[in-house]
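Heads up: the sequence lines are chains A and B, in that order.
Taken in order, the first sequence gives residues 1 to 452; the numbers are from our numbering.
Taken in order, the second sequence gives residues 1001 to 1555; the numbers are from our numbering.
No lab work stands behind these hints, which were simulated from the structure alone.
The hints are all genuine.
Cβ-Cβ distance ranges computed for the label pairs, FRET-style:
1) Leu-43(A) / Pro-1245(B): 36 to 44 Å
2) Ala-1454(B) / Gln-291(A): 39 to 47 Å
3) Ala-191(A) / Glu-1549(B): 40 to 48 Å
4) Asp-1048(B) / Glu-438(A): 14 to 22 Å
5) Asp-228(A) / Arg-1120(B): 48 to 56 Å
Quick reminder that beta carbons are idealized off the backbone N, C-alpha and C, glycines included.
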Amino acid sequence: MRYLPLSDADRSEMLRVIGAGSVDELFRDVPEEARLKGPIHGLPMHASELAVERHMAALSRKNMVAGDVPFFLGCGAYRHHIPASVDHIIQRGEYLTSYTPYQPEIAQGTLQMMFEFQTQVARLFGCEVANASMYDGSTAMWEAILMAHRITRRNRTVISSGVHPHYVNVAKTLAQFSEDALATALPELTAESDNERLIGKIGPETSAVVVQYPDILGRITDLTPIADAAHAAGALLIAVVTEPVALGLIRSPGEMGADIVVGEGQSIGVGLQFGGPYVGLFACREKHVRQMPGRLAGETVDAEGKRGFVLTLSTREQHIRREKATSNICTSSVLCALAFTAHLTLLGEKGLRRLASLNHARACEVADRLSAIAGVALVNHSFFNEFTLKLPVEARPAVHALVERGVLGGVSLGRLYPGVDALQNGLVVAVTETATTEDIAALEAALKEVVQ
Amino acid sequence: MTVNPSGWRPSAPANEQGEAHTVTGNRALMLEEPLIFEIGSVKQTGVDFDEILPGTGRGTSEAGGGCGVQGSEPPPSDLRSATSPCRGGARLAGLERNREIGLAGLSEPEMVRHYTRLSRQNYAIDLGLFPLGSCTMKHNPRLNEKVARLPGFADVHPLQPQETVQGALQVINELAFWLLDLTGMYGVSMSPKAGAHGELCGLLCIRAALEARGDKREVVLVPESAHGTNPATAAFAGYRVENIPANAAGRVDLEALKTRLGPDVAAVMITNPNTCGLFEPDMRAISDAVHAAGAFVYCDGANFNAIVGKVRPGDLGIDAMHINLHKTFSTPHGGGGPGSGPVVLSEALSPYGPLPFVAKMPDGSFRLVEEESAGEEHPHAFGRMVAFHGQMGMFTRALAYILSHGADGLKQVAEDAVLNANYILRSLQDVLDAPFAKSGPCMHEAIFSDRGFADDVNTLDLAKALIDEGFHPMTMYFPLVVHGAMLVEPTETESKGSLDQFIRAVRSIAGRAKAGDQSLKAAPVHAPRRRLDETLAARKPVLVYRDPEPAQAAE
Chain A
1 MRYLPLSDAD RSEMLRVIGA GSVDELFRDV PEEARLKGPI HGLPMHASEL AVERHMAALS
61 RKNMVAGDVP FFLGCGAYRH HIPASVDHII QRGEYLTSYT PYQPEIAQGT LQMMFEFQTQ
121 VARLFGCEVA NASMYDGSTA MWEAILMAHR ITRRNRTVIS SGVHPHYVNV AKTLAQFSED
181 ALATALPELT AESDNERLIG KIGPETSAVV VQYPDILGRI TDLTPIADAA HAAGALLIAV
241 VTEPVALGLI RSPGEMGADI VVGEGQSIGV GLQFGGPYVG LFACREKHVR QMPGRLAGET
301 VDAEGKRGFV LTLSTREQHI RREKATSNIC TSSVLCALAF TAHLTLLGEK GLRRLASLNH
361 ARACEVADRL SAIAGVALVN HSFFNEFTLK LPVEARPAVH ALVERGVLGG VSLGRLYPGV
421 DALQNGLVVA VTETATTEDI AALEAALKEV VQ
Chain B
1001 MTVNPSGWRP SAPANEQGEA HTVTGNRALM LEEPLIFEIG SVKQTGVDFD EILPGTGRGT
1061 SEAGGGCGVQ GSEPPPSDLR SATSPCRGGA RLAGLERNRE IGLAGLSEPE MVRHYTRLSR
1121 QNYAIDLGLF PLGSCTMKHN PRLNEKVARL PGFADVHPLQ PQETVQGALQ VINELAFWLL
1181 DLTGMYGVSM SPKAGAHGEL CGLLCIRAAL EARGDKREVV LVPESAHGTN PATAAFAGYR
1241 VENIPANAAG RVDLEALKTR LGPDVAAVMI TNPNTCGLFE PDMRAISDAV HAAGAFVYCD
1301 GANFNAIVGK VRPGDLGIDA MHINLHKTFS TPHGGGGPGS GPVVLSEALS PYGPLPFVAK
1361 MPDGSFRLVE EESAGEEHPH AFGRMVAFHG QMGMFTRALA YILSHGADGL KQVAEDAVLN
1421 ANYILRSLQD VLDAPFAKSG PCMHEAIFSD RGFADDVNTL DLAKALIDEG FHPMTMYFPL
1481 VVHGAMLVEP TETESKGSLD QFIRAVRSIA GRAKAGDQSL KAAPVHAPRR RLDETLAARK
1541 PVLVYRDPEP AQAAE
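Full structure from sequences and hints, please.
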């Protein structure tokens, strides 16, 4: 077996050193009746690399590849071009096959990269500090709600109707088991988000207000009045960013007063991968850092006075604090964070702004062309690279009809909000730099047919 | 002194400090590397774009890049004209960026060099033995990286219509069935993103099952030797945590556990094999006692790699167990994630597993059961744990690993992992105190204590000296039940030669530790950095780079 270096001669010699007659003697603590006598019945035996590759490739061919067709899906995962050098870097064994950097003298590569990542995320979000990543955007949002609870010692959270419904469902699920009460609402197909209603929900018991920016329908709203209202009530503002490329073009949530900014970092450096692994982003004010979950790299010096980096503020964490930890999180998403950092370093400020501008320009063009189709209306006044159309027909079957025409045309709100009649004609369309002129023409033609 | 075949010998005298000073701070292949913010610039980029004029689809080489750009590089005026679909940024709610972000950019050669230089300051399994107990640092087969990158897996959106992702759903389903067969369990939730997330999933299933029968219980029992995630997760799930003591043989004290069980106990979390590297021989009796008290058994499956193909947790009465795909099934650790932690469930808990999950239909197709259809098919689901469907990129890798080994190979994996650990235990027990060595063989990891070291030498010193010998240290000071613990997990992917070299190194350092060799305090001396000041880092946290204040102009 190609991954197992021991020969039978090695095994015999090692058993002799151990003083055991057979390997089974080493399993003697396992009760006899629970011990399996041979390989588990009915399962296949080992296979060659060629055979495994064939099997996996056959499975992969049963999927429609985003890059092979006109593709316009977003809603929390975005298809951007990733430079080849990014994947090269994350496949270096020194990153790929290393562990959490508990021994900093031989992990400076990962630790310095974490420090760079933290700096980039903090700057992009307009915050003072950021951690070394979370599992994904949805779990980062829940952790932010818990963090606000710890800071304010209040447990009522108001979640905007514009937050991704899967993120809301994660929070609702976990809130069943904590002491947190969540006020949520369904979005409406309107040009502006319902900020006034949201602000009206803030009260003296509110720990945090959660707003997505841009929101699930793609709308952009000024967070300043929400931040002011939250702060006036002694609550925190949590902003959720699922498409960080947008921040190359629009103001950061931190600049508008958000106290905690979380997000999904997938769209920079990480492929779609059917939903994971992705990389949760988490940033906040420096004064709140000791309430923050997750790994943190910090700067220090070594015994010779050279600059170096270590994992720090571990007294927040489960391996030290056990049941009193700020979170049970142990893994972060470091390899995806490396991909994010390498891609963002290639882009730089100049490249990110240009990428964001391109995305917006293409999205504007597509929004105008599709909303010119009879019966199709553009819901948004504002958007970055994603907007919502109101179709004259139910969107969910329309999406399937688009697939029959070889187009992945968007995400139907019927899929995200099953059973909500007022939203079922909504189609969310995302347009990135990867959409070609031909792709746009194909979507336009197919949608015309489908809505007739 | 070794001479080369020509007979030439170096004649230059050594530097007084024994090491030549260099102007750059570099030492041949060991290269110092600044931060990107110190070498890059906001004006530099390593990405070229196809520029596209709105409405025309035609490329242009001089266009600034569309609409809405503010600051240093305004777009050409033709892009801001009234006919432009961007309407000069009017569609951005008036929130265009109006200040610099401060993101340093590098050209491609600079970026590649930067992260390549940094990578060389990392230890990794690809470089050598990485015996971190409980973490299972085994070889990561590169086939798995290749299949995860097939466009049919890597370039598929999580919200694509289900008819376009049948292969992806089939991967999840095939892996799920392997996990069920290998564990002898009834159901599986694939969505948890890591081991601790899986623990949460399992405890929430337990809580949902208890609440469904109107049984409010408040306490979760956790052995003192448990991973820190166990008590942290129990607290995260809203439970109060109490410790269960261990007996002298390093196992759960069954009698003490039985005494504590009662109507307030919701679950007992057991790690098996446990964190001392020992199998719990009373596991079945523990499960029976827990069940008799109306509670559930959660098993931390971090050490499943020791028993995969040899024992099925389902045969031991386990109700829920997470499986770290990044441990047992060798998806790469990546410097601390991403992981993946599917949870296998007993028949009693399966109805409560979270959404979404994949169902195989009678016609052979696969269906993702989400909130929409859950009402009819899975009405008791406790909810949703993540935005999408779990760590697909880890599922493809784990499935490739499992198919490569097959049922026979996985059994061999467990046997070789246990053989390697026992070889280390017996080869070191005369120089290091091995507190449980007398009670019999260990499983996949061997534990030692600092007993017998000179007073002023400790486990940390031995670990740092191992770095100089070219090894990653073992897990230190964990579990807490052994003084100065050193937990060594070699894994099955180490050759005998590699183990022998490690044993020689540990024997030598252990001798120095007992003799009180003060030079251990200085270790490591050959690593990219000497010991780092962690106290300073925590006392005055510097978590992000700050640009230096611009120097005052000279008068």
